[in-house]
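Visitor: Sequence:
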Amino acid sequence: MLRPRALFAYGTLWFPELFEAVTGQRPRSSEAVLADWTALRVRGAVYPGLRRAAGARTDGRVYFDVAAATWARLDRFGSTTATSTPASGSPRAAALLF
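Count along the sequence shown from 1, add 1494, and you get the number used in the working numbering.
This list has only true hints and no planted wrong ones.
Restraint-style ranges between C-beta atoms, simulated for each label pair:
#, residue 1, residue 2, range
1, G1549, E1511, 29 to 37 Å
2, G1549, F1571, 24 to 32 Å
3, E1514, G1549, 30 to 38 Å
4, A1550, R1570, 26 to 34 Å
5, L1512, A1548, 28 to 36 Å
It should be emphasised that the hints constitute simulated quantities derived from the structure, not laboratory data.
Virtual Cβ for every residue (Gly too), placed ideally from N, Cα, C.
Build out the structure end to end from the sequences listed, making use of the hints.
Guide: Laid out in structure tokens, this is it:
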């Protein structure tokens, strides 16, 4: 799957220290808001999920210049939502939601 170079993290990976612990990388990042999406608890899971919701907002962090090796480590950590969307706080670049 061709991935953008930016990732929007809204759960555990929101925290740069945890992102680095999982991936071994600490790319440049910025706090951001994802409009019209809400984070919800996933039944039977210990991580949140995202669902579109008009007027909602989800706080998180956009990581920039995410390398291919970093994506591979993220794939082993969890799954990505195959949606690219702009998040405020980013330079209006599409980011994959994670």
